Each structure stands twice: as C-alpha cells, then as structure tokens.
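Asks: Residues per chain are reported as follows:
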Amino acid sequence: MANIPDDLHYSKDHEWVRVEGDTGTVGITDHAQNQLGDIVYVELPRVGDSIEAGAVFGQVESVKAANDLYIPVSGEITEVNETLNDDPEQVNKDPYGAAWMLRVRLKDAGEVDKLMNAVEYEDYTKKITE
Amino acid sequence: MTTAPTPLKQTPLNAAHRRLGGRMVDFGGWDMPVQYPAGTVEEHLRTRLHSGLFDVSHMGEIEVRGSDAIAFVNRLCSNDATKLVDGQAQYSALTTPEGTVVDDLLVYRFAEDHLLLVVNASTTEKDWDWINAHRGDETLTLTNRSADFCQIAVQGPDALGILQTLTETPLAEIKYYHFREGTVDGVPAIISRTGYTGEDGFEVYAAPDKAEQLWDRLLGAGGHGTPEGILPCGLAARNTLRLESAMALYGHEIDETTTLYEANLGWICKLNKGDFNGRERLAQQKAEGVQQKLVGFEVTERGIARDGYDVLINGEKVGRVTSGSPAPYLKKNIGLAYVPAAHATEGLEIHVVVRDRPVAARIVPVPFYKRERKASQ
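Sequence order for the protein chains is A and B. 1 is the number of the first residue of the first sequence in the numbering used here; add one for each residue after it. 1 is the number of the first residue of the second sequence in the numbering used here; add one for each residue after it.
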C-alpha cells in the first residue's frame, strides 16, 4: 500500500505539495516512485525561474524511461534539491522527505485547493491501477 | 487505466507474474511484467552475478518439416542452415529482397527434415505470413506452434547448477547454441543453451500447461527469496542485459529499413551458401561498403540517451539512437546508434540530443559487456 501523508496536496500527475506560509515544497509521491522503479536521474529547473501550474519543471528518469515532472502550483522557484543530482535513488527511498525536489514562492495560495487531499488521492490511485 | 480495444494476450505465467507482484504492461499486445518488486537494477545485477528467471513464452515458434526443410529455410534466411547438425541452434535473419530484416530468429535443427524457428513475439504473425507467402515448390509442412510452448529462460552463472537439480540431462555437455530434448522436473522439455542476457544459461521449452510448475520449481531450486537466490526478471532487465551485451532488438537496431551489414550482422550473412532473399543486394553492399553503421557509445556528460534521440557530429544531425539506457552493471549510460559509416570510428566524440540539449558521448567498442567464458561453454 502506497504511503500517502495526510498533510499534503496531490496532483493527478502524482506530485505532492507541502504548504508552509507562502512557500510550497514539491516532490513526487510514493505511488509515483513505485511505478517508475529505480530512479537513476533527476533534472531540476534553475532557481529564480517563474513557472505556471501544469508546466513541466524537470525530469525524472528510471532505468526504463524518462518522465516529465509537472508543477502543481505557480510561483517563483526559490530552491532546488541539488542532492538529487548525485543521489537520485533518494526519490525511491524517501519521496516525501529527503527527495523533495523544489520550493516555490506561491503566486496564488488558493491554487492548492484545486489539488486532491490524501483521501481523494488514495481513491484516485486505486482507480487508475485497477 | 482505460479499456483496451483488444484484450492483451497472456502467457501461461500471467497469474504467476501477478502473484509475484510483477508490474504488468502492454508489450506489443502482450500483458507482460516489466519488473518485479526487486526492481530492474537488482534483477539485472542478480542475473549478472547469480541467476535470473525470465518468462519468454510470448516468443513465436514455427515448425518446418519435410525433406526440403533446410533448403527452404536457407532460401529465406541469411545464415547457412546447412551447417547445422541435429541438436544445434543458429542465430539467423529472415531477409527481404533488399537485404533488410523481416525478423531475427533462432533456427533449431531436430533432424534433417525437422526445424523449429523461434521468432519475436510482435512479429510472429508477420513472419508466419511472410514464410507462407515465400513457399515455392519445396516439399514441406509449416505449422505455427506458438501456442504449444511455454519458454522459460534461466540465465546467469548459477543457471546451470539450478537447472541441473531438476533434470537428468547432463547440462555441462550441452555446448553453447546447442540443445537436447529431455525432462525438467519430469516434464518433457527442450533444453537449449541459449539466451539474451550475455550470460551463460538455458532456455527451456515445454507444454504451456506445465509452465507454472516449471517456473515455481526453478524459483525454488534457485533459492528465490534468499540474498543471492534467483530473481524473476521483467522486460526492463531483459532489455538492459541485452543492451550491455549489444545484442540487436528487432524494431530498434534492425527492421525492414536496415540491412544486416549496417547492423553489424555480417557474421550471419553467408553470401557463398547459394541464393537467398536479399543476397544480391547484400553482396553489392558488402562490396561497396555501407552508408550507415550501427555503433556503441558511452555518454560522457550528465544525461541519459534514449531510443530515438538524435545524434550530432560536429553539430550536424547525422543519425539516431536505436537503444539507449543506463547500464546497471557497467554503471554508465550507454546506447547503440546509427551514424554515417565515415564517422563510425571508435573514440570519436558525438553528441546525443537530450531534450534539446546536446550531451557529449564517445563511440566505443561493442559489446559493452562480455562475460568471461569457461572452456566448456
């Protein structure tokens, strides 16, 4: 059973957002890392870039394939997790913790209301894996 | 996710894959495990270091029987089937009149008048039609026996020892690319010392209703669940293992647009054996030289080359990646690509375009990985 923390917001593309004040931290879900398999490469954007919700912000690559990462919220990127360059397998081991991918200064705090909560995301993953 | 227009085909091991937690994907119309919970890297490494178990029951089998069986196969395929002896297998290709590839296959000789062609899953129907359409006045019977076999590959340095616990056939006596008919766990089987991983190992063909029995017994005999025990391996590991060994994959390195010489498969192109489909064109290409050539490369900057990415030399687009992936055992990012023959030089720097960004790579000798062979293999 995939791990789905209660305090996060989830997108249909399997990214999560943790909101603290006007900062959103973004990563991919346990379900996503499990589906992707061994993560061998993570490509992240530059700090200072502004990005709109739904845009591609980077790539995560498993042995098998490269996959786009979609940002669930709009804003300016304030920080990226550069430890993932050398240690991409953290995404498999700790997708909600050590493998956070980037932080954004939220442009519109209301955007997260359009995302799913943990219960809704759990239903969603069940539905698509049936 | 969405309802498929046509139901996926299943091998007799479909339920076994699901019980083992295999992640199932649509592979050319077949519902196959891409990986199991151990993951592709672990499956790959376990096969290199110990053993891996693969369901390859989706492969097609076409039986050719009759007094002209060898002559017929020799006319359609590029390698020389007359060189086979009973109990021997040969890598070959079904060729078009242009010298390109309808499919690559193994030709098994059971007797002078009895051959079995083992072909790719996604091309089985095409091959069957092609072979039938190219029948002449030869005396022979063709039978599509794809549904009559399961095929299980046990691969890796421990493969022989594991399989030997289930059969009285003395496996060490079977030479590479040879086979015997015997029993495995009491089940009548063809035991073939072949594979697609670059390791020593065997492919076992048996009746499909015995597939689960053989699969489970091989997992048990191989110590599945122990740290160095056998692991079931999915299609992703099968692909990375064959890529490290630089073996061609139909639809990637070879297809009906690439010739055998371009794909470095001149060694299965026996121009002097007599006429066969494409011989004239292949002889001409051998004499004139090829325009493009398949090469191996290693990515030297950060980035992973993938199938279909463009290849640049001196900033100009000159070719494409046919297969690209991280190589779990070599711990490099590698690939195969077609480049103009004039540039097919070991050591040459090329660039692979990864999401609009040229990433440096270097042409290297293939295979990327070669196991140390014992004298008996």
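Hint data in this document are derived by calculation from the structure and do not stem from the laboratory. A hint or two may mislead.
Stated by the list, open to error - Distance condition first, Cα-Cα at most 20 Å in a straight line; then the derived EDC-like pairs of lysine to aspartate or glutamate:
#  : chain 1 : residue 1 : chain 2 : residue 2
1  : B       : K332      : A       : E76
2  : A       : K127      : B       : D129
3  : A       : K93       : B       : E181
4  : B       : K331      : A       : D86
5  : B       : K332      : A       : D22
6  : A       : K107      : A       : D87
7  : B       : K9        : A       : D87
8  : B       : K210      : B       : D255
9  : B       : K332      : B       : E346
10 : A       : K107      : A       : E43
11 : B       : K83       : B       : E98
None of the values given here were measured: they were computed from a predicted structure.
Asks: None of the hints should be skipped; say for each whether it holds.
Replies: Here's how the hints hold up against the structure:
A hinted pair counts as satisfied when its Cα atoms are at most 20 Å apart, and K332 of chain B with E76 of chain A does not qualify at roughly 34 Å. With a C-alpha separation of about 40 Å, the suggested pairing of K127 of chain A with D129 of chain B is violated against the 20 Å cut-off. A distance of roughly 46 Å separates the Cα atoms of K93 of chain A and E181 of chain B; the hinted pair therefore is violated under the 20 Å criterion. A hinted pair counts as satisfied when its Cα atoms are at most 20 Å apart, and K331 of chain B with D86 of chain A qualifies at roughly 13 Å.
With a C-alpha separation of about 41 Å, the suggested pair K332 of chain B and D22 of chain A falls outside the 20 Å cut-off, and the hint is violated. A C-alpha spacing of about 30 Å is found between K107 of chain A and D87 of chain A, which places the hinted pair above 20 Å, so the restraint is violated. The straight-line distance between the Cα atoms of K9 of chain B and D87 of chain A is roughly 39 Å, outside the 20 Å bound, and the hint therefore fails. Restraint check for K210 of chain B and D255 of chain B: the C-alpha separation of about 34 Å exceeds 20 Å, so the hint is violated.
For the hint linking K332 of chain B to E346 of chain B, the alpha-carbon distance of about 17 Å falls within 20 Å, and the restraint holds. Under the criterion of a C-alpha separation no larger than 20 Å, the hint pairing K107 of chain A with E43 of chain A is inconsistent with the structure, at around 23 Å. Between K83 of chain B and E98 of chain B, the direct Cα distance comes to roughly 24 Å. Violation of the 20 Å bound is thereby established for this hinted pair.
Checked against the numbered hints given earlier, the structure breaks hints 1, 2, 3, 5, 6, 7, 8, 10, 11 and satisfies all the rest.
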